[in-house]
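Novice: Spelled out, the chains give:
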Amino acid sequence: MVKPRILQQNKISTKVGQKPGFLFRPENAFDTRLFLISFDEFELVEKEYESYDELFAYMQQRPHQRHWLDVRGYGNLEILENIARDFNIHPLQLEDVISDYQRPKVEEESGSLFMISRMVTFTPKKLIDDDQLSIFTGPNYVLTFQSDYEDCLNPLRLRIRGGKGIIRKRPVVYMAYAIMDVVLDHYFPVLAEMSDYLDELEDCLFKQPKKEILSRILSVKREIVKLRRIIWPERDKISELLRSSPEVIPDDLKIYFRDTYDHSVQIIDLVENYKEMSGSLVELYLSNINNRMNEIMKVLTIISSIFIPLSFIVGIYGMNFSRENPDGSINYLNMPELYQPYGYITLLFLMGALILGQIYFFYRKGWFK
Amino acid sequence: MVKPRILQQNKISTKVGQKPGFLFRPENAFDTRLFLISFDEFELVEKEYESYDELFAYMQQRPHQRHWLDVRGYGNLEILENIARDFNIHPLQLEDVISDYQRPKVEEESGSLFMISRMVTFTPKKLIDDDQLSIFTGPNYVLTFQSDYEDCLNPLRLRIRGGKGIIRKRPVVYMAYAIMDVVLDHYFPVLAEMSDYLDELEDCLFKQPKKEILSRILSVKREIVKLRRIIWPERDKISELLRSSPEVIPDDLKIYFRDTYDHSVQIIDLVENYKEMSGSLVELYLSNINNRMNEIMKVLTIISSIFIPLSFIVGIYGMNFSRENPDGSINYLNMPELYQPYGYITLLFLMGALILGQIYFFYRKGWFK
Amino acid sequence: MVKPRILQQNKISTKVGQKPGFLFRPENAFDTRLFLISFDEFELVEKEYESYDELFAYMQQRPHQRHWLDVRGYGNLEILENIARDFNIHPLQLEDVISDYQRPKVEEESGSLFMISRMVTFTPKKLIDDDQLSIFTGPNYVLTFQSDYEDCLNPLRLRIRGGKGIIRKRPVVYMAYAIMDVVLDHYFPVLAEMSDYLDELEDCLFKQPKKEILSRILSVKREIVKLRRIIWPERDKISELLRSSPEVIPDDLKIYFRDTYDHSVQIIDLVENYKEMSGSLVELYLSNINNRMNEIMKVLTIISSIFIPLSFIVGIYGMNFSRENPDGSINYLNMPELYQPYGYITLLFLMGALILGQIYFFYRKGWFK
Amino acid sequence: MVKPRILQQNKISTKVGQKPGFLFRPENAFDTRLFLISFDEFELVEKEYESYDELFAYMQQRPHQRHWLDVRGYGNLEILENIARDFNIHPLQLEDVISDYQRPKVEEESGSLFMISRMVTFTPKKLIDDDQLSIFTGPNYVLTFQSDYEDCLNPLRLRIRGGKGIIRKRPVVYMAYAIMDVVLDHYFPVLAEMSDYLDELEDCLFKQPKKEILSRILSVKREIVKLRRIIWPERDKISELLRSSPEVIPDDLKIYFRDTYDHSVQIIDLVENYKEMSGSLVELYLSNINNRMNEIMKVLTIISSIFIPLSFIVGIYGMNFSRENPDGSINYLNMPELYQPYGYITLLFLMGALILGQIYFFYRKGWFK
Amino acid sequence: MVKPRILQQNKISTKVGQKPGFLFRPENAFDTRLFLISFDEFELVEKEYESYDELFAYMQQRPHQRHWLDVRGYGNLEILENIARDFNIHPLQLEDVISDYQRPKVEEESGSLFMISRMVTFTPKKLIDDDQLSIFTGPNYVLTFQSDYEDCLNPLRLRIRGGKGIIRKRPVVYMAYAIMDVVLDHYFPVLAEMSDYLDELEDCLFKQPKKEILSRILSVKREIVKLRRIIWPERDKISELLRSSPEVIPDDLKIYFRDTYDHSVQIIDLVENYKEMSGSLVELYLSNINNRMNEIMKVLTIISSIFIPLSFIVGIYGMNFSRENPDGSINYLNMPELYQPYGYITLLFLMGALILGQIYFFYRKGWFK
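Chains as they are written, first to last, in numbering that gives the first Met the number 0: chain A, 0 to 368; chain B, 0 to 368; chain C, 0 to 368; chain D, 0 to 368; chain E, 0 to 368.
Take the hints with a grain of salt, since some may be wrong.
Since the list gives no way to pick one copy over another, a pair counts as held whenever it fits inside one copy or between any two copies.
Calculated pairs, DMTMM-like style, for lysine to aspartate or glutamate (alpha carbon to alpha carbon, straight line, at most 20 Å) [what the hints assert, rightly or not]: (1) 104 - 129; (2) 206 - 195; (3) 210 - 198; (4) 364 - 211; (5) 104 - 235.
To be clear, the hints were calculated from the coordinates, so they are not data collected in a lab.
Modelling step: build the complete structure from the supplied sequences, incorporating the hints.
Specialist: Here it is, written out as structure tokens:
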């Protein structure tokens with residue numbers, strides 16, 4: 000497994016002083032691909048276009064249909080700028096679309112919306128990975144922008160293709176809602192995976208607390224904090240949408256946004272829970288270190304307390320005090336024990352008793368668990 | 000006892016991208032049972048119905064009575080959908096009802112209320128268990144939904160059956176209040192049990208601080224945090240009800256809601272107290288580990304400090320410096336002590352004095368408590 | 000002294016599902032006693048009544064006087080219910096009065112006030128003890144309720160009896176203010192005693208940090224948190240009174256309430272200070288444990304570092320390497336030191352030098368303080 | 000140096016139940032002294048008066064001049080009460096003036112202001128010392144009250160005496176501003192001294208972390224918290240003044256108050272910084288204790304690891320296994336090493352190699368720094 | 000590398016009691032230099048002026064051009080006061096300009112703006128260095144003040160010189176925006192460098208946790224807290240600008256300010272992240288100390304546990320119990336092991352087995368990693 004790091008290399012854009020709205024082609028940008036789903040209640044056409052002009056002409060010809068233009072990859076700035084021109088996107092908004100990182104937000108102008116959502120995925124290696132999804136709505140279209148080809152919107156595409164239901168009858172803002180809702184729903188499985196990961200870490204803590212675990216816990220904590228930074232503005236975004244005028248979001252659609260709002264609050268609750276829990280894991284880890292120290296010290300103390308005094312005792316009887324007085328007579332005061340017939344055996348018994356006594360003492364102190 | 004875990008397996012719904020309001024039959028859902036209490040000031044009829052149609056017909060025939068339809072178990076989606084249709088429940092609301100987890104909230108529409116409360120119970124094994132209770136009010140009925148057959152509303156049922164008092168004369172919103180109030184009142188015994196549990200943990204801490212206690216404290220802390228997440232929106236819910244128009248809640252009933260509001264604030268106070276206390280228990284545990292370490296070290300140090308120097312002393316007199324010079328004469332400088340008549344006894348006395356001196360030294364340092 | 004506990008047995012009422020306003024006679028309730036002080040500018044009559052009817056008749060006859068009816072002990076529910084009926088007290092309010100614990104609050108209805116204050120006392124055993132004082136005002140009377148016979152209002156009674164001053168001329172709401180103010184003033188000596196107690200704990204920490212001190216600090220912290228839970232709503236209560244209409248509190252009295260408001264804010268400052276300080280004491284305690292550990296380790300290390308090498312040295316000269324070769328000749332290589340005339344004395348000197356050297360080394364390291 | 004204490008003996012007034020506005024002569028109160036500065040654009044008279052009546056008569060005679068009456072010491076209650084009567088000071092305000100501790104606040108009534116500021120000084124012994132300065136403004140006078148004779152207003156007095164500038168032309172509220180501003184400006188040198196003190200503590204931490212340092216850090220932290228309690232309401236006070244009507248503070252003076260507001264926010268920033276830093280110092284201290292423990296343990300472990308095994312080895316060759324079989328023949332199996340010609344020297348070499356090996360091992364582990 | 004310090008010598012201005020708006024020439028102030036860029040859509044003139052009068056005359060003659068007067072260095076107070084007089088700058092504002100430290104803020108008066116921004120740079124030695132940039136706008140000019148000659152505005156100067164684009168057509172407030180935006184954009188590379196620095200510290204922590212690292216982490220934390228104190232008011236400043244009237248900032252420019260607002264919020268997110276991370280590093284450091292202690296203790300315990308009992312055993316066989324009874328007969332009970340033919344070898348084997356057993360025991364406990 001990769002060495003866990005607490006600090007994550009943040010991709011911070013460091014261009015300074017460019018004129019606002021100036022576009023950089025991001026490094027390693029994917030080629031731009033254009034997907035269009037056009038539909039009304041009766042018909043649905045889905046196609047990937049090579050040429051933007053062809054696509055735009057097609058949309059122009061079908062003003063009564065609804066269109067979802069899905070732009071993936073920012074490799075071709077020219078196409079992006081054409082789209083911005085044709086769909087009335089401000090250069091600063093386009094800059095936001097292409098930038099590495101924007102917080103979830105919504106901007107409303109003359110009835111059309113510009114929203115930024117963040118799509119999250121979980122992998123045990125990189126933990127949380129979050130990509131930006133930019134959504135624009137117009138009278139009869141929804142535009143989405145994302146930097147790579149994978150996303151979490153397939154369930155929605157299936158619903159559009161399959162169902163002739165509500166989504167194909169409602170105004171396009173409903174589809175914007177549906178996209179936002181699918182993105183938000185995707186947080187739940189990610190959080191479930193995160194929960195499993197935390198669970199696994201707790202298991203490790205109980206089994207064998209390795210040094211790296213703390214790094215791992217702290218890096219999960221960092222990711223939870225990151226999630227928190229994403230999900231709070233997400234909630235604010237939805238709450239702002241809920242307060243918008245009926246021209247932007249018809250009143251009968253508001254209940255759907257309120258539902259999404261509830262979801263965002265639930266996600267916040269879960270994220271806050273995980274934050275608390277990762278803090279608890281740190282506490283547990285630290286107390287585990289101390290507990291291990293206690294155990295190590297107990298082993299040392301038991302061994303030392305038993306054998307150091309015994310060594311002293313046998314040291315006594317290794318002394319060479321002279322049995323003889325200078326005049327050759329026997330000195331009965333110098334170490335008479337050595338000359339007792341049962342001296343050695345008595346000593347062994349005494350030392351055995353001492354050992355048992357100490358063991359009993361430590362047992363009573365509860366040092367053997 | 001079950002091994003305590005800090006992390007709790009959260010049941011996170013992971014269905015993504017379904018159309019809003021789409022109903023899943025929850026796994027392990029209980030069969031749907033229907034209980035109806037119909038009453039006015041003079042009469043009360045209470046019955047469990049097998050057939051929803053029969054029940055609905057009965058309600059239709061008695062428009063001047065008040066009805067409490069109590070739906071338990073979400074196993075039969077068809078019945079639930081029929082109820083939603085007949086009682087004008089929005090699909091998204093029905094989805095909320097069936098979902099695993101919703102925060103307490105209230106939604107008001109054209110004078111009728113949709114409220115979600117959470118019923119909590121305490122068991123030493125699982126600590127806090129919380130179930131969702133959904134309440135709808137209409138002109139002459141209250142609908143409640145819950146996922147299993149057990150609840151904490153029996154005291155209220157007894158009151159309705161027994162008393163001919165206020166509850167059978169007041170508008171149905173009073174009954175909604177009564178249900179909410181009983182649910183909230185039930186928090187107090189749960190908190191009392193939690194307090195006992197914390198108390199028991201503190202006892203354990205003083206007696207024999209085992210390793211598992213920290214996990215147990217941290218899992219109680221997690222539950223307290225969970226309670227907090229429930230009770231704060233509960234308070235907000237009641238506060239929103241207090242601000243609602245007199246058509247929804249007549250002014251003379253507001254005082255009852257204010258009383259419930261006071262209860263919710265008291266619960267918050269208690270929960271915050273318990274949070275603080277569980278934090279104190281963690282601090283106490285950690286300092287206990289350190290105190291034990293101190294004690295272990297004291298034993299080691301006392302034993303070592305006494306016997307290691309003594310071992311050195313007896314080691315001296317175990318040396319084999321020669322008493323004889325090469326010329327056979329006696330070398331009076333090499334270890335003359337060994338040849339003193341009282342050498343051994345003097346040494347024993349000296350070592351005894353040393354031991355006593357050290358014991359006195361450690362006693363003065365307060366190492367024997 | 001009683002064993003300090005962090006957790007305090009909270010008296011949590013666990014009755015569930017009773018109809019709102021239902022009265023329980025609290026366990027161990029004191030007999031209800033009735034004290035009446037009736038006065039105008041010229042006259043003052045003070046009496047304890049056995050019979051409530053007699054008392055009420057007396058009040059009825061003197062509509063132009065002001066009356067302070069002081070009800071102590073909740074043993075006789077019937078009297079309390081009669082008072083509620085005669086003085087227009089809502090059953091829910093009466094329930095609040097009798098309940099164990101209500102936060103400070105104020106309710107205003109048609110110009111009369113219902114206020115709850117908490118009277119605190121400090122004892123070294125139980126630390127903070129808080130009793131509830133409920134105050135009702137009417138056109139010409141003030142009603143107070145308390146659960147036992149002791150209170151902190153005697154200074155006020157003395158002022159009423161003695162002074163013919165402002166308190167006997169002003170509207171009754173001034174008396175309600177005066178009661179509330181006396182209760183709040185009583186927090187200051189309690190805080191002073193708490194400060195002394197904390198001071199004593201700090202002294203203990205410096206002298207001899209016993210194990211129980213942490214429990215004691217943590218239980219003081221708990222009490223401080225409890226005080227905080229009381230005093231913040233107290234402030235809110237006064238702030239609400241300040242915003243009330245001139246009919247309830249005449250404008251020229253507002254300055255008195257603002258003064259009380261300032262006091263409540265001062266109390267909050269002090270309580271927050273004490274909270275901070277008790278946190279500092281915990282930090283100090285924990286660092287003291289570690290410092291003691293350091294000291295213990297130093298003793299062990301000094302003793303071991305000095306005597307373990309010495310034991311090795313004397314061990315060398317206790318070895319029995321043979322002085323004789325197999326052929327009987329002397330082996331000058333095996334332990335020649337033993338046969339030097341000054342061998343023993345030289346060794347003793349060397350070991351003495353080693354000891355001094357080590358002592359100097361540890362002295363330089365600053366291990367002897 | 001005085002023994003640092005975390006807890007500071009708080010002077011808490013413990014008089015309870017006195018009638019509001021009742022004045023106590025504070026213990027150890029200074030004699031009341033009266034200083035008057037009267038000036039207009041052309042003239043300035045400054046004098047200390049013995050008699051208040053004389054002073055008041057002088058002020059009455061000069062209604063077109065501006066007066067700054069500076070009252071120092073609260074020893075003579077009669078004078079204070081006369082001033083209160085003549086200058087229309089409410090008894091509760093006078094009580095505030097004399098009281099030990101009031102938070103910074105402002106009260107406005109019919110165009111005149113009553114403000115409380117706190118003057119701080121720093122001494123290494125007592126750290127922060129704060130005195131109360133009460134300011135009243137009237138149509139043509141400013142009244143200030145302080146409990147002792149020293150204050151930080153001398154720079155302002157010099158400005159009034161010296162300059163004929165703006166301060167002598169503007170309305171008196173400008174002078175109130177000037178006083179408040181000087182008091183606030185005085186926080187900066189105090190904070191600079193505090194910064195030096197913290198710096199010195201950090202130096203101590205690096206040199207020789209004594210036990211008392213933690214107490215000292217924690218007592219600085221307490222003082223910082225105290226400052227915070229003073230400076231936040233100071234900011235609120237100024238912000239309230241900024242919102243006051245143009246009759247109280249003319250619009251062209253508001254810019255001066257906004258400047259003072261900026262200063263108060265800067266002070267808050269600094270105080271919050273110091274709070275953070277004192278927390279860092281605590282962390283540093285605690286980690287230093289642990290580092291020292293590590294060092295102590297390293298010494299013990301190195302010495303023990305080297306010499307305990309060696310002692311065992313020399314112990315082996317101190318055993319007395321018999322070289323002779325019972326039949327008198329030589330037992331070549333019992334400790335033959337002792338009889339090798341180079342046995343002793345070989346052993347010494349081996350032990351030397353063992354010592355070097357261990358030293359290398361610990362060196363590689365980085366235990367010698 | 001310089002010794003890291005947690006406390007940073009704060010430059011706190013300690014002048015007290017000066018009249019508001021009084022100017023001090025800062026110590027070590029740079030000579031004042033004047034740079035003027037004058038331009039319209041067609042022409043651009045850029046020049047450094049020696050004489051302010053000449054410069055002002057030039058500006059007066061070209062009322063239809065736009066001017067950016069860039070004042071660097073506060074050494075010449077006279078010039079600054081002339082500028083203040085000519086461009087209508089209040090003395091208090093000029094005082095703010097020259098002062099060491101002002102929080103970011105904006106003041107608006109009659110359509111012109113006074114803004115303070117802080118320019119930050121990162122150096123590994125001093126970490127964050129922040130300089131103040133003061134901006135004034137007028138009908139056709141922008142004034143900037145900074146204390147030294149280096150700044151981060153060069154990219155903007157290049158844009159003005161090069162592009163004939165939007166910046167030379169828009170009203171001057173757009174240029175004020177552009178300056179503010181460049182300053183803010185400069186935070187991103189500074190944060191990237193800070194991230195690298197934190198990263199390096201984490202690396203050090205894993206390799207060899209030296210004592211100084213904690214100081215270094217804590218001083219980074221201090222800098223992050225400093226950044227936070229700067230960036231939050233920066234955000235508030237922009238948010239205030241966003242709410243200003245269309246006369247001050249035309250509506251079509253608001254979108255640019257909103258973009259800058261988004262940037263400030265992103266910076267806040269990053270700064271909060273770094274704060275969290277530096278806290279995690281402290282936790283990691285502390286747990287590392289404890290882990291090292293554990294390792295040290297393990298070495299000691301393993302060595303001691305193996306060799307102390309062995310020393311005892313060999314001590315036994317070094318005792319001198321007499322083989323002979325007083326009558327000269329052999330005492331077969333005293334240490335018979337010494338006289339066994341295979342005694343020594345058996346003992347060596349037994350001790351070897353003991354060593355292996357203990358090694359296995361510690362291996363099973365996981366003490367060898």
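Novice: Does each hint fit the structure? Answer for all of them.
Specialist: Taking the hints in turn, this is what the structure says about them:
1. 104 - 129: within (15 Å within a copy, 30 Å between copies)
2. 206 - 195: For residue 206 and residue 195, only the intra-copy Cα distance (17 Å) is at most 20 Å; the inter-copy one is 30 Å.
3. 210 - 198: The answer is both: 18 Å in one copy and 19 Å across copies each meet 20 Å.
4. 364 - 211: between (33 Å within a copy, 18 Å between copies)
5. 104 - 235: both (8 Å within a copy, 18 Å between copies)
Consistency note: the structure conflicts with none of the earlier hints.
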